[in-house]
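Residue numbers (the numbering used here), protein chains in the order written: chain A, 869 to 978; chain B, 198 to 1085.
No lab work stands behind these hints: they were computed from the structure. Heads up, a few of these hints could be off.
To be verified - Partial list, computed: chain A residues near chain B (C-beta under 7 angstroms):
1. Lys-887
2. Ala-890
3. Arg-891
4. Gly-892
5. Gly-896
6. Tyr-897
7. Arg-943
Unchecked claim - Derived CB-CB ranges, DEER-like:
8. Arg-1003(B) <-> Leu-967(A): 29 to 35 angstroms
9. Ala-958(A) <-> Leu-1063(B): 31 to 37 angstroms
10. Asp-1077(B) <-> Ile-910(A): 47 to 53 angstroms
11. Thr-968(A) <-> His-244(B): 49 to 55 angstroms
12. Asn-940(A) <-> Glu-245(B): 54 to 60 angstroms
13. Arg-1071(B) <-> Arg-912(A): 17 to 23 angstroms
Glycine included, each C-beta is placed from N, C-alpha and C at the ideal position.
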Amino acid sequence: MRKPKNDLLQGTLALLVLKTLARGPLHGYGITLHIQMVSKDILRVEEGSLYPALHRMEQDGWVSAEWGISENNRRARYYRLSAKGRKQLAEEEKNWERLTQAVAHVLQFA
Amino acid sequence: MSLITRIKGMLRRARLDHDLDEELRSHLEMRAADNLAAGMSPEQARHEAQKRFGNTTLLKEDTREMDIVGWLDEAARDFRHALRMLLRNPGFTVVAVLTLALGIGANTAIFSVINSVLLHPLPYHDPDNLVMVWESNSQHPNPHNTVSPPNFLDWQTRNTVFSSMAFIFDERDNLTGNGQPQEVVVQDVSASFFSLLGVDPIIGPGFTLENGQPGHANVVILSYGLWKERFAGDPAIVGKSILLNGHPQTVVGVAPQNFQWFIKDGSLTSAKPQMWSPFVFPQSFHDHKQIGRFMTVVARLHPGATHSQAQIQMNAIASRLEQEYPDFNGHWGVNVVPLRQQISGDLRPALLVLFGAVAFVLLIACANVSSLLLARAASREREMAIRTAIGASRWRIARQLLMESLLLALIGGGIGVALAVWGTNALLAASPRNLLDLRSVSMDLRVLAFAVGATLLAGLLFGFLPSYISAHSRISETLKEGGRGSSSANRRAFARNAFVVAQLGLALVLLTGSGLLIRSFVRLIGVDPGFDTGHLLTFKIALPRSKYGTDPLCLAFFRQLLDRISTVPGVRSASMENYPPLAGLGAATGVHLLSQPLLALSDLPVANVGVVGPDYFATMNIPLRAGRLFSAQELAEEKHVTIINQAFADKYLHGVNPLGQKAAIYMKSFAENEIQPSEIIGVVGDVHQMGLDAAPEPTVYWPYPELVYSSMSILVRTSNDPVAMVSAARNELQQMDPELPMAAVATMDQLLADSLSRSRFTMLLLGIFAAVALMLAAVGIYGLIAYSVTQRTQELGIRIALGAQRRDVLRLVLGQGTRLTLLGVTVGVLAALGLVRLLSTLLFGVSATDPLTFAGVAVLLGLVALAACYLPARRATRVDPIVALRYE
């Protein structure tokens, strides 16, 4: 199987999306722009991964979605973090810290 | 789930689909706008935005499916999309297309032969109502025994199921006048023969019923070939006279080009006719005591009468004839055989076996392609998941994938048909003479329809499972797991394993069949024919009765001819026989050993009768086992002596010393009191008269003066290449009688090769198919293991990192291959045990369940499969743990 280039580490997409939405409701395109910008162009979210992920999060009840008007007057679907989503975000953040610490330990040890 | 929730779900999904569509479009527009702002051209901006979505179409598809125009539009789009996908993976496409072309091509080629041989209409009027009527004896195995003239006459008058019956018997006659003398094969037939078949001559009136009356039978119909060759297609040939055996005959017609009548069973010349002549039964043909069985009979069923009705009525007639003439007709019955079955009879089993074999090859090819598609589907899982996520229905996805499969099948089928045209011609070129009896195989509509059918079926067959699994994959799982470990991935893995097992099983069946044929062929060529076939030339001389009407004339002629040929430098010895071995013919009759009780004629021991010239046993190199050979005097005049073969002694004398015994040989008469018994003076070794696969039959040999034939086969033992002696022999013949032609010139090695040709040909073809099957199956298991090694790179990397040795990795990977191989071999052996019975008529000297063959092919398949697994396994041992861990 060909490896999708420049893709995010598995499982981190949800974390990044949830974190982005913690700042306030945003549409899909805005999410990609935000992640790309904040990560200084290192992380790039593929549309092909983002929408299925958003779709799933909506089904799981982590986010809710509604139609709104974007900053430049376009109809866009805005995603908003739900209470359940916030809990999930905290969970995922904790996991992430544990993981990075573990990796850091290994790196320091070696 | 209740109906209401389901409908709600459907409505909700419809809404979601719509939302998604809107949403993605707005995303696209925003991206395009930003691109525009960043300085791209509008075109570029849009294109770039689209590109980031990959090749998935974002337009609403469901609504389009509502109307037919939209549907066609969708289909065209699917087609273009499929074409793009195939072009994007040229490696995959080429492998898949070639595999399919091979499978479909082989099937079409064999089918075109079957079409021509088994299905093509026969060139007669209403051929399905034509039957052959044979005699058959419950004591002897031949179901197609020739018919006696008096029985034919009784059948004709007593039956009510046939609208007409005709007899045929063939002979070689000398055609003289206008040019070189030529031996032609003439079929003596009922005057009604052509009208029964419903065939009219292309020129001339043909036979009339009057030609069946004494004194009016001196007419002939020429075959198209003879008319063209001998008479240069003379359009005014009708009414002209030709000389046949010195007698004038009037040409009354020329048969159509495609007309021929050749029934191998019962043919006395084993050759196709060049001429037909009506024959009027002389008085002797009405008497059972004076005439034996030598004719073939064809009949046309009354409209509405069936084959089985005919069989039942003929059985009744035969049993009455058995009571009326117990001596002659004891144990004799009648066998009615539809003409088509008669003609294709002996080719049928071989062709059907070959057809089964190519069908297996196609199945294996389909499994291979299906397996490839499954592997590819896994890597396209995300594409499919996204398409589903953004609203494509399962049917839509399945249709898309099926379109790709059908496109593959169509390209493969196209190449396959081209291969088949080429392949059938190669097949015909490679097939032995007289085996297929076809000059060309036509690609008619039926063959084309078959090819299209096979192609579409193959496309659906190999496309269905991959499409089904992809269409039923669960999006959420797919996206969570990145395409690995999901339920559809598990289903795919299971399907691919099953395919490999099936492929190995099918290949094993083919290998077993091919192995059995090879074993029986080896057995066959290992059979000692009973005489030395090397450096032995044979040809046939038929003396016209008009010129050599008495026995002393024939005797003198052949004696002088043999003397002359013997003195030619390079000839070691020369002799003659009525029917030489391996030519497919022989004379046989009942023999009464005087030391044994006299039985009814039909219960007497049966023996072949070989009538031989001087030095016969030395020329043929047949060993003398007891007693002595014929003396010079016995070879010059009738002394009532005979030599028997070992099979005769074993079968009929049961250890009693045969020498000095007297035997009444029912050859010249069927009345015991008219027969002068012959004394047995010697016993010689057995000869396989009818071919290596037929057991030697009991035989009695007579010196030529005992029974003078006007037509004999000359046998010449040479020091060097026998073919080089043909012209010298012809020279001697021409010096004695310039009007006599040499016929059926052949070397014994050639006749031996011909008698083996069918077995060799079937073995060769099945061997090729089995090899292809083996190769495809090996590619199949190689592909599976290679794929799974790629999939497990990470796992293998971790194992190696944790200290797994090369050996351990090898064992791990090969273990998977071994399990599949063992399973495949088991399945294959079981299937083969069930299927090889179909081969039994093609086997010689080896049982259909021959354990050695089964073990041999199982080991062969196992080794090949493991070798195919070894390549990826070795690659697995070289996995670099660092690279592997970074892999995902």
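Restraint: Arg-891(A) near chain B, CB-CB cut 7 angstroms. Satisfied or not? violated (18 angstroms)
For the pair Ala-958(A) and Leu-1063(B), does the Cβ-Cβ distance stay inside 31 to 37 angstroms? Hint violated: Cβ distance 54 angstroms, outside 31 to 37 angstroms.
For the restraint on Gly-896(A), tell me whether the closest CB of chain B is nearer than 7 angstroms. Constraint on Gly-896(A) satisfied, holds at 5 angstroms.
Double-check Gly-892(A) for me: the hint is only fine if its C-beta lies closer than 7 angstroms to a C-beta in chain B. The hint is violated - Gly-892(A) has no Cβ within 7 angstroms of chain B, the shortest such distance being about 18 angstroms.
So, as I understand it, the hint says Tyr-897(A) touches chain B; can you test that by seeing if any CB pair is closer than 7 angstroms? Holds: closest Cβ of chain B sits about 4 angstroms from Tyr-897(A), inside 7 angstroms.
Minimum beta-carbon distance criterion (7 angstroms), Lys-887(A) to chain B: Interface hint status for Lys-887(A): violated (19 angstroms vs cutoff 7 angstroms).
Assuming the hint says 49 to 55 angstroms, is it satisfied by the Cβ distance from Thr-968(A) to His-244(B) or not? 39 angstroms Cβ-Cβ, so the 49 to 55 angstroms window is violated.
Pairwise beta carbon distance, Asp-1077(B) to Ile-910(A), judged against the given window 47 to 53 angstroms: At 26 angstroms between Cβs, range violated.
Return the status of the interface hint for Arg-943(A): holds when the least beta-carbon distance to chain B is below 7 angstroms, violated otherwise. Constraint on Arg-943(A) satisfied, holds at 6 angstroms.
Is it true that Arg-1003(B) and Leu-967(A) lie within 29 to 35 angstroms of each other by Cβ? For Leu-967(A) against Arg-1003(B), whose Cβ atoms are near 32 angstroms apart, the range 29 to 35 angstroms holds.
Measuring from beta carbon to beta carbon, are Asn-940(A) and Glu-245(B) in 54 to 60 angstroms? With Cβ atoms ~18 angstroms apart, the hint is violated.
Hold the hint about Ala-890(A) up to the distance rule: shortest CB distance to chain B must be less than 7 angstroms. For Ala-890(A), the interface hint is violated, since the closest Cβ of chain B sits about 21 angstroms away, which is over 7 angstroms.
Violated hints for the displayed structure, listed by number in ascending order: 1, 2, 3, 4, 9, 10, 11, 12, 13.
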